[in-house]
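Enquirer: Go ahead and model the full structure; you've got the sequences and the hints to work with.
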Amino acid sequence: MENIETKLREEANRLLLEKKVDVIIGFEKGTLPLTATPCFITKPEEADKLVWNNLCTQNLAKFVHDLITAHKNSQKRVKPEDRKKKVIGVVARGCTTRSLIIHLQERQYGRDEVFIIGVPCDGYVDGKGLKVKINGADIIEGSMDGAQIKMKTSDGDKTVDFKDVLADCCKTCRFNNPIISDVMIGSPAPPMNPDAEYDDVKEFEAKTIEERWAYFAKEMEKCIRCYACRQACPSCYCPTCFVEQSQPQWVGIGEDATDTQVFQFMRLYHMVGRCVDCGSCVSVCPMGVDLRKFLKKLDKDCLEFFGNRAGSSMEDMPPLGKFDEHHDKQDFIYNP
Amino acid sequence: MIKDNEKVGAVMVVGAGIAGIQASLDLANSGMKVYLVENGISIGGVMAQLDKTFPTNDCSACILSPKLVEVGRHPNVNIMTRRTVETVEGEPGKFKVKLTSAPRYVNLDKCTGCGDCANVCPITVKAAFNGNLSERKAIYRHFPQAIPSGFAIDKLGTSPCKANCPTHISVQGYVALIADGKFKEALKLIKQDNPFPIVCGRVCNHPCETACMRGKVDEPIDIMHLKRFVADLDLNSDTRYLPEKKESNGKKVAVVGAGPSGLTCAYYLAIEGYEVVVYEALPVAGGWMAVGIPEYRLPKNVLNAEIKVIQDLGVKIYLNTRIGRDIPFDKLKSDFDAVFIGCGTMKSSKLNIPGEDMQGVIHGVDYLMQINLGKQLFLGDRVAVIGGGNVAMDAVRTAVRTGSKNVFILYRRTRAEMPASPEEIEEAIEEGIEMKFLVAPKRVVGKDGKVTGIECARMELGEPDASGRRRPIEIKGSEFIVECDAIVPAIGQEADLSFITKESGVSINKWNNVDYDKVTFATNVPGVFSGGDVVTGPQTVVKAVFSGKEAAKSIDRYLQGVDMKAGREKDWTKDLADKADVSDVPKVPREKYPNMKPEERRTSFQEVGIGFSEAQAIAEANRCLACGICSECYQCVDACIAKAIDHEMKAEEETIEVGAVIAAPGFEIFDASKRGEYGYGIYKNVVTALQFERILSASGPYFGHVQRISDGKEPKKIAFIQCVGSRDVSCGNSWCSSVCCMYATKEAIIGKEHAKGLEPTIFFMDIRAHGKDFDRFVNRAKDEYGIRYIRSMPSSIKELQQNNNLLIKYTNPDGSFTEEEFDMVVLSVGLMPPKEAKKLSASLGIELEEHGFCKTQLENPVKTSRPGVFVCGAFGGPKDIPETVMEASAAAACAEGMLAGKRGTMITPVENPEEKDMRGQSVRTGVFVCHCGINIGGVVNVPEVRDFAATLPTVVYTADNLFTCSQDTAVKMGEVIKEQNLTRVVVASCSPRTHEGLFQENCEKAGLNRYLFEMANIRDQDSWVHMHEPEKATQKAKDLLRMAVAKAQYLKPLKPGQLSVNHQALIIGGGLAGITAALSLADQGFASFVIEKEDRLGGNYNHLYKTLEGLDTRAHLKGLLEKVYNNPLITVVTGAHIEKIEGFIGNYKTTVKNKDGEKVFEHGVVLVAIGAYENEPKEYLYKQNAKVKTQRELEKLIYEKDPKLAAVKNVVMIQCVGSRNEERPYCSRYCCGEAIKNALELKAADPSRDITILYRDIRTFAFKEDYYKKAREANIKFISYEENRKPEVVASGDKVEVKVHDPILNETVNLSADAVVLSVGVVPNPENVAIGNMLKVPTNQDGFFLEAHVKLRPVDFATDGVFMCGMSHSPKYSDETVTQANAAVSRACLILTQDYIQAEGKTAYVNKERCSACGLCEINCPYSAISVNVAEGCAEVNAVLCKGCGVCTASCRMNAVDLNGFNNEEVLAQIYNINEG
Amino acid sequence: MARRKFATLKSFLNYIGVEGDRTIFTWVSASEGDRWAQVIKGATEKIRALGPANKLIKKIA
Amino acid sequence: MAENVANKEWEPKFVAIVCNWCTYAGADLAGISRIQYPTNVRIIRVPCTGRINPFYIVKALQTGADGVLVSG
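Residue numbers (this note's numbering), protein chains in the order written: chain A, 248 to 583; chain B, 5 to 1481; chain C, 6 to 66; chain D, 8 to 79.
The set of hints was computed from the structure by calculation and includes no laboratory data.
Just so it is clear, the structure is predicted and the values come from calculations on it, not from any experiment.
Among these hints, one or two may not hold up.
With a straight-line cut-off of 25 Å between C-alpha atoms, the simulated DSS-like cross-links for lysine-lysine are [to be verified]:
(1) A:K454 / C:K60
(2) A:K576 / B:K756
(3) A:K331 / B:K1412
Expert: Here it is as structure tokens:
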């Protein structure tokens, strides 16, 4: 890991020096122990701030989109011929590149506007899971030591196996290496356990419909509609989210439980063919809503119905942008 | 020559199938007035009967319906149904067309198409629209979506029974109603014309039966007794039928005589609201019916019951009141407003022989009267009755019943001449009465003043007299005496007119009858009318009834001050429905009418006839042949609340001026019964392909369920037999029908989709899949559907008796026979010239070609032999829908080209008032709820729905209407909109698909934006489908209305965008297609730029010398090029390359580069005519051996008369080189014809040449088949090969050798050849993709351009403003290219003729703030109407291209795109309002 | 495209507990009046069998 | 009114969102042919099934429809 970080810093430094990119989005060490936070580096000398480890949680594609959108908005007042292009470098693991591919498919920016610094990934630490493992103690200091996490906590020294606090999405990750990149740092990471990716979904599908509804209702009851999930999600980039639209108002803004259900349902549904299972929404949810249970179902259906995995190939079209008469499943159509 | 300014800007299109419809739309949409003339009752032609269309299997109705609706609503198209063209006079540019129309009997302006009429119609006939596999009524429309949507009545003329009945009752009508079990209705119908059914059901002389057509088959219908049956039912029912009486009008009429004429007159006058008083001298009412007709024929009680109905209507009858004696005639005249004299002939005529005053002579009239008035009278044992009429019969039979033993008739002629009704005579003979014929009384013999006998003379028959009967002549010296006790002379009656005073002025003629007008029954004195026997001399009851009825009409008119005669004379002998061939009608014996036994009758006055039972009556009524089709029972008139039915409509003639005529009468299908060996019409399970098409159709006779005719079971094995009536000289049809191979394949596929277990087999000679994507379709049929194709023509079919299966015998390739059993056989019947082709060609003044189709010009297949008259569709030769549509557009273009200067001169522009300003207005909704007669109101509680509407938010006005679509309601709606200041209008009625436009126009006319209108469909989707659940239907109507009102709140006034149009065209490609298009555009007055890549124009056409049909193409091309270069409207750029195309419909900018530099052209449309290339073969030693050539190379040698050719003796041609293979799985269409053309030419030059053509299927479609036949006759050999067993070409010395497997010999043959000629086929232009990308138009999987719709929009692209023609579309012959080029011009003119393009109102729009420019809308839009503006970072809608489908809106997660007319707020408002509150 | 949307929507609704038979997708062509009637009969029965809807429904105050 | 409804046996009510050119026309045809079917459906006409936002279906369910039929 150290080796990758060194190479990453060298590469970032070079890219900024050679003005190949205007900014690099990566991770730096967080202010809290055992965290890493996204950072924006515009000067070569800042490259040494960059870290790459199992504490890097967020999907940086979200920031790529934000930066480019902000830039484009700022350029709107400039005459077209005087507009400047901004190239954004991004440190990207597998799921990040999938999100980037989705952005590119959805024409959010050009391929030449983003420079992808690919990095291998063996998963990240589920912060909430770690906290549970140490019985809610506050971490005062901590470090990764091989496959173990060593901590000084309010409850004394603790050691936790990394594999025990691996985020759910990482455990069954199929794409833990970048799908596309302009430069690749380090050698590919060994595979995770993708064969089990839908085990959870299958188990849920096997439940009775009333059990499923009860679970959905219970999970949605937790939601406080803080919209953190939406803010974290790289696929949630609508200029005005439907919940904030009027004429018509799609979802009530009051306390009504069904409004929350409908909000969550539709936000989730917007992820058909667009969720890369990066886990960002899950990791930021303050209430611990089990969003992944539902997102993974959409992913599974999309694969089973249309043979599509979100953002898995640059050649793909958005799955809801086409129709395949010969291969799509038709059995949902009712014949009296 | 007609000068341009004298031309007429209108075109008549004859025939309203898809060809006629397309031509009409193209013409009307580019400013021409169109008269669309159709023989039938609705438009759509054969296409409307089809289930699906190949090769896409699109539903035919779905794609046709929008066209039907468009043409049906087009303000510039006048649809004229049931019309026939009689003559076309004048010159091109100004023709006078004479038309005749057959009446429809339904007023289309009033008919709402509800179908209530058909429900009550008792006449059922085979539905030709369904291939005679189902039934329809005499009032009908072919299919529910028919245009015009109104019904029509089929009449073959007046049925003879009705015509021959003196009262002209709709006899067929009440017979049909009886057959239908509608006895009350039958009685009512009878009573419309005759108030005496009880009488006439017993004692009528029934001339109806004499005329009955059934009499030609076996025996006439027993009409009289059927009448008695319904009359008796009424007689015995608790509530007798009493006609509705009009309100009293205060006028009084006197009737003299209570006989049939007087009472009839009284009856009809009473109904009309008159006060009628009848004076009768006798002590009983009924006149002769009461006192003349004996009890056993007409019992007094039933007669009185019949008369009671008349009294119940308010008619007063004063008995024992003799006018003249008790009341002076002149007093009647002064006391009453009118007088009717119907006193009859109650005096007997005298024999005027000696001894007539002796005792024992009693005249028939007196005799019967006395008996009937109750007197006991015994005449003695021997009674002679003299005469042969009904009175004589009555007298003689009465005498029998009063106890006389020996009673006989003396008649001076024979039985054949007896005027008495045959059954009377028959019954008399049954009762033992002797008839002495050819004897005439000379003298009464008596003793003591008492009769003892009568002296008679014998007679013989001479020449016919005035009555048509042979005159009896006395035989001299033949006198003899007949002994008898009494003599009853019954030879005639006369009137007693002594009461008519001289002063009255009523004229009496020499026969002592009142003088009268034969139509009005008026006498010479105003206000005095007369009828019945008193004016005619003794006649029948029905005749008297007729006169009374007619007199009543006259009296009514007289007293209302209306002309008494107008429109009343009618020649009933004309237009009789008596011409039908009845030879095939199976015999069914007449129901035996039950009588009392003769032995019982002799002693009794009890009624002889017992009357039919109900079952008998129905059975007898069912024998009716319905020879008039419509029975004129008038049930439809009663059922029609809109009052649309008018049985009095008459044939009319009209003359219309037009500038050009387009003939599009279509085709006839071959009558399969002419190929007797296939058993069509005999074997039940043998059907034609068109019948099978209907069987497959969801709206067909079996609702799409594939089933056999014999037992309704689903078939398993089904055989299609191709070429029935095509390629068959034995039935005179040498041509190929072009479409059968494909439709059979389609029907096999669809059949299999409907019935999974189906195993179709197609027996064929060649599979002719020569159209675009056809081979792929056939391959799918074989590979995916497993449809079996057998190259063999069955020689015979036998039906197996036990299961109605069919045994087909066919030959195998090796000559052996196979017999195979099938459950069903479908005959792929060919296309024939239309039945009326000969007459039509004479009317239009055009020539037919040898097969009977329209003769067309080789240079331009839509031109006929007469300038100004064009042809399109199958009339010019059998062809498929896309070719038909192309021809229709091409014909339109040619007609328009002639009349371009008159464009827009005859159309009716629509002018609307200024729209009211809506700013600051609150929403004020008006709701109109429609009853639709009883269609809605009969199920849904309309007033309740209306009151409910008043409770809904924003609703300020509500109303309910009987017919919201009627003209008066439209006016009312307009007034209400203004008065109530409505800002929204909601109509709850029928379907917006049919009526939205109409109501929107109402709004527009009242100054309300048309998009502020909304509909709730409470008929088609409510009252009609929930007829038995009125409460729930009412609830549903409320819900639908609430939803509509909720949506209406959010509607926005829309202003469709307008876009100016550049009137020039860019034509890419200067081949035959391009230059034809340029010239055609120039004819229309439009400039064009022809961009050609090569250095010269002409393209592939440069390489052609002659067509198969013999056109000198070099001369043709030369002529075209001269015209092109001399036309100032055409700019040609050669050696040019298109750099870029910017813009869209109406406004394009194209940059073209050639050696002279770059040029920019501005234009409104683009025609893509970039052609295709000849395939360059890699196989068969081409380019390796000089003996191997292409057809094109051979053609050059032939026509350039190359001397090298002389040595070429043995020629082998190989077809399908590079076509129909894996790489190019399509047919190149023209290679078969080209090969045969060259082969024939070689053979003609040197008959000793040995020519062999190796082929897979010979595809000489339509008339090209004749050349194939000619080639075989010229001994050109044809050997077929399979794709997987291709021939081999090997060099062998100075020759080449071709090895091929001969399937007939079943061995490989070696053909030594001096020349091997390859038919190399066509490859698409490799530039198609690049050009397509510039224009944003797609290519298909083979690389040819993809049209908007393969059937109905063959030259359009889905993107508006871009068109294609020629081989860039698909491989085709040169004449087809010409047609397509003209078609493309016609389509382009729809745009070029407009100053502005009007966009759809209901288009998509983008909320820029919400858009993230993800482009999903752009990918999804089928019309390239929305795209992302990258610089702006959001999507933009091109409102002109947008068709308002809304696909973009639902694909947008951001909800940034929305759709006018169906926006999110509007749809959600509906969703939110499914439930109350 | 529409089909793909509906396929996933139906499946997803069912997954969260809204019975699949409450969302029915089909096609009826312009010439298939009878099929429409059959569809409505079938749909009514399917939905009837599920009983009144009780999930996701917003109670109106 | 409400009482009446409560007394009656429950009847499902569902929304059909249908395409103007195909299903709506087919439904009209059912009417023209007088083919009877249950009254439980309320039709909403849209130009094309492509216009149907999945949100509509969810909103219909939220509004209380017992089911939603989409037909192209």
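Enquirer: Now tell me, hint by hint, if it's right for this structure.
Expert: Do the hints match the structure? See the list:
Our distance criterion of 25 Å between C-alpha atoms is met by K454 (chain A) and K60 (chain C), whose separation comes to about 17 Å. Restraint check: the Cα-Cα separation between K576 (chain A) and K756 (chain B) comes to about 21 Å, which is no more than 25 Å; the hinted pair holds. At most 25 Å may separate the alpha-carbon atoms for a hinted pair to count; K331 (chain A) and K1412 (chain B) meet this at roughly 22 Å.
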